[in-house]
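Chemist: Let's have the full structure, built from the sequences with the hints guiding it.
Numbering (my numbering), first residue to last: 129 to 551.
Careful, some of the hints might be misleading.
What the hints assert, rightly or not - 27 angstroms max Cα-Cα, derived DSS-like pairs, lysine-lysine: (1) Lys-529 - Lys-518; (2) Lys-314 - Lys-402; (3) Lys-131 - Lys-149; (4) Lys-314 - Lys-518.
No wet-lab data here; the hints were simulated from the structure.
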Amino acid sequence: MVKIAGISELAGVGNEIIIEKQDTSILGEILSISGDCVTALLYSPCDAIRIGDAVQIQQEPRIEPGDHWLGQIINYRGDITGATSPAVPMRATNRRLNTAPLPAHARRGIGSRVATGWMVTDTLLPICQGQRLGLFAGSGVGKSTFLGSLAAGLEADRVVIALIGERSREVNEFVRNTLPQSIMSKTVVVAATASEPPGAKKRAAYCAITAAEHFRDEGHNVLFLFDSITRFAEAHRETALMAGETPALNAFPPSTVRVISELAERAGPGLGNKGDITAIYSVLVAGSDMEEPVADMIRGILDGHFILSRQIAERQRYPAIDVLRSVSRALPHAATDDENALIRRCRRTLALYEELEPMLRANLYEFGKDMDSDNAIALFPLLDAFMGTKSPDGIASAFEKLLIILGPDDKMPPAENTPTTEG
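Modeler: Here it is in C-alpha cells:
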C-alpha cells in the first residue's frame, strides 16, 4: 500500500490510479480517503516509486476486449502477455470493469441442454445454456483436466478462462498441455498468478468476466471457466482487511458474499437476441469440507454444483464426480419424462450400492436374498465406467447407452416417491 497526498478532493474509493515511471506505469486502486491523504493498493511491486512521483486518477477502470484477444493470454491490465507492442484492437469496445449484473426481470430463462463431451454430464447432471455451476474439488482430483475437457467438449462460440491465483507453472501447463490447441482460436485466457498482489488477482477476474460480457453482447454463446473463486475471495479478503473492513468468519469480511454474488450474477442468460454466458466456477475445498466459508457462500448462489471426490479419483475414474452429492438445478425441466425416469433409476441404483458397499467390503453380503440389491451390485461397475466415458455422439446417444446398461424397468415406482436432483 502507498499513501498519496494532494488528490483527495478528486479521488473516490474504488478509483484507479496510474503512477507513470520512465519505463513503465504502475496501476493501483484507492482503498480509503482520510483528510488530504489517500491510501491506495498497488497491483504490482512498488520498489520503483519515489516521493514526489506524479499520480493520475482514472475514474472508471476500463479495458478493451475484442477478437484480438482470441488465442492469447491476457494479464490483469488487459494486455496480451509477451507482446512486444500493444495489439491493434479488432472490433474492440471500451468497457468498464465494474458493472452491475443484467436486470433479472429482463433476462431469458436458462436455455436448452448443451452437449458436454462426457456421458455423466450429458445425462445425469446436464448443463444448460446460461447455467452457472460450481465445481467443488480438493487438490489432485482432476479439476484442471476436467475443466480443459469441458472447454473442448461443451458447445460454445467463445471460451473465456480465468486462472486466478494459480502457480505460473500450472498456468503454462494448462494452456500448453491441458487445453486442447484446437479451441485456442475461440479462447481467451486471463491469468493472475499466485505471486501477484491481491489487487491484480481481483482485476484479472473482472477483466475475464468483462471479456465474456463483450462476446455475449456480440451475440455469441460464451463458456466462462473460472479457476478458482476461492483464490478470488482470498484476494478480496486481503484487500478489504487492508482497507479497514472488519473480519468475520474465517477472517472473511462481510462484503465477500456481495462481491462473489456480483461476480457470479454477471454470468448467466442474456437479453433479447444477445448470447448467454454459461459459467463454471471452481471452488477449492480442503478435505472435501463443503461447509468452508467460500464453498458455503457460492453454493447457494449458483444453479447447481458438481463435487469431485478424492475416493473416486483414487480408483482412477475420471471425471471423479460424486453424482449422488452433485446437483444440476436444470432438472427436471432440462430432460424429457423418459429421461428423468432413467436418471431416477440410475441414482436410485447408485444410492443402493452405496448403502451396500460397507457390507461388501466386510464380506457380509449374501447374494440371492434381495433382487434389487443384487441388481445394484451387478450394475455398479457398468455405471461407474459409464460415468467415466466420453460422449462423442451427443446427448441422445448417451441416454441410449444408459438405457442399455439399466435395461427396461418393469416396476418403476411413482415419481413422487423417487428422489430427484431438483433443489
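Chemist: Identify every previously stated hint that the structure contradicts and give their numbers, smallest first.
Modeler: When the structure is compared with the hints, none of them turns out to be violated.
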